[in-house]
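Engineer: Take a look at the letters that make up each chain.
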Amino acid sequence: MAKKTYDLLFKLLLIGDSGVGKTCILFRFSDDAFTTTFISTIGIDFKIKTVELRGKKIKLQIWDTAGQERFHTITTSYYRGAMGIMLVYDITNEKSFENIVKWLRNIDEHANEDVEKMILGNKCDMTDKRTVSKERGETIAREHSIRFMETSAKANINIERAFSELAEAILIKTAGKEPGDPVDRVTVDRRPTNTSKSCCN
Amino acid sequence: MPDCSENYEKEISDGKNARNIKCKYCNSVILTPSTAAFTSFEFQLPLIRQSKINEQNPETENVSLFWAVTDMFTFQNVGFSNTVGNNKYLTCADCEAGPIGYHDLSNKMSYVALSRVIHS
Ligand SMILES: Nc1nc2c(ncn2[C@@H]2O[C@H](COP(=O)(O)OP(=O)(O)O)[C@@H](O)[C@H]2O)c(=O)[nH]1
Ligand SMILES: [Mg+2]
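Here the protein sequences come in this chain order: W and L. Numbering (full-length UniProt numbering) for the first sequence: 1 to 201. Numbering (full-length UniProt numbering) for the second sequence: 1 to 120.
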């Protein structure tokens with residue numbers, strides 16, 4: 001067995017109506033030089049990113065839907081093992097905001113009950129087209145005791161921050177628990193890492 | 001065009017990558033030192049830029065030098081494409097440049113092409 005180079009692994013999902021910007025949040029805003037390449041035609045399934053929080057090296061495995069949300073057919077298999085969910089709406093699309101409640105119900109039904117959630121009001125760069133105020137976003141988040149942030153995948157506002165806050169919330173939640181819990185949580189080597197060895201920028 | 005193996009000799013130490021493996025385009029760290037094993041075999045890897053988009057039949061080049069990674073979570077930052085045949089292609093997690101290699105679903109191994117990344 002190869003030695004693990006990380007302390008924890010968190011599986012994160014992006015959920016929300018079609019068109020709110022989930023794919024762009026995960027894979028950058030896609031009007032750059034690589035969009036006409038081989039990769040952009042096949043599409044990306046998931047991404048692995050490494051973050052360091054509280055001295056722990058954490059691997060985030062972040063999944064995009066394969067467009068199933070269009071048919072409202074997101075099911076248990078997509079949610080399996082998820083420890084964090086980014087629930088996204090579009091601040092220029094009232095309907096996508098109203099559907100947040102539906103998605104929350106879907107999550108309750110299919111996801112692990114202690115899954116950590118965060119609501120993102122995306123496309124906050126489009127101020128002139130805004131129809132959902134920031135206050136409404138904050139209110140719904142408060143009502144459900146969920147974190148909230150406005151983001152822009154296009155202008156790269158709050159994207160990294162959102163992921164590290166979600167990861168941090170999961171970390172706090174996980175901290176009190178013993179490894180080997182009978183959940184889908186991927187429990188890996190919990191030995192302290194030798195941080196002095198880390199040499200990434 | 002065959003890879004020129006001599007260029008890479010100093011990158012291999014004890015069979016592993018001596019330095020960080022990074023994206024050629026945006027410098028994102030893909031693998032940290034000593035986490036991937038050098039290996040050599042022939043594979044037809046699709047070109048990053050295709051002159052015309054043809055999913056079934058992409059333009060490829062013969063690549064023969066790879067960094068082999070046994071556990072996908074060894075990667076510092078990487079993207080996995082949707083499945084094509086028995087493989088998923090690997091991309092830079094930050095700028096999506098790729099394929100920088102591929103993941104074989106049958107043996108769960110990931111292979112990063114030395115010629116598609118930089119070492120620093
Ligand atoms: N202005 C703006 N447009 C965005 C943003 N995020 C995504 N979009 C656009 O919204 C559309 C849908 O995005 P996509 O990521 O495919 O949505 P998905 O269906 O949720 O995956 C695309 O045309 C994107 O270019 C953003 O932050 N700002
Ligand atoms: Mg999408």
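In case anyone wonders, no lab produced these hints; they're calculated from the structure. Just so you know, these numbers come straight off a predicted model, no measurement behind them. Warning: the hint list may mix true and false statements.
To be verified - List time: in silico DSS-like cross-link candidates among lysine-lysine, alpha-carbon distance up to 30 Å:
1) Lys16/L with Lys108/L
2) Lys16/L with Lys154/W
3) Lys129/W with Lys57/W
4) Lys24/L with Lys57/W
Engineer: All the hints need checking, so say for each whether the structure fits it.
Structural biologist: Okay, the hints, checked on the actual structure:
1. Among the hinted pairs, Lys16/L with Lys108/L is consistent with the structure: their alpha-carbon atoms are about 19 Å apart, no more than 30 Å.
2. Taking the CA atoms of Lys16/L and Lys154/W, the gap is about 38 Å. The hint is violated against a cut of 30 Å.
3. Of the pairs offered as hints, the one joining Lys129/W and Lys57/W is violated, with about 40 Å between alpha carbons and a cut-off of 30 Å exceeded.
4. A distance of roughly 24 Å separates the Cα atoms of Lys24/L and Lys57/W; the hinted pair therefore holds under the 30 Å criterion.
The earlier numbered hints that this structure contradicts are 2 and 3.
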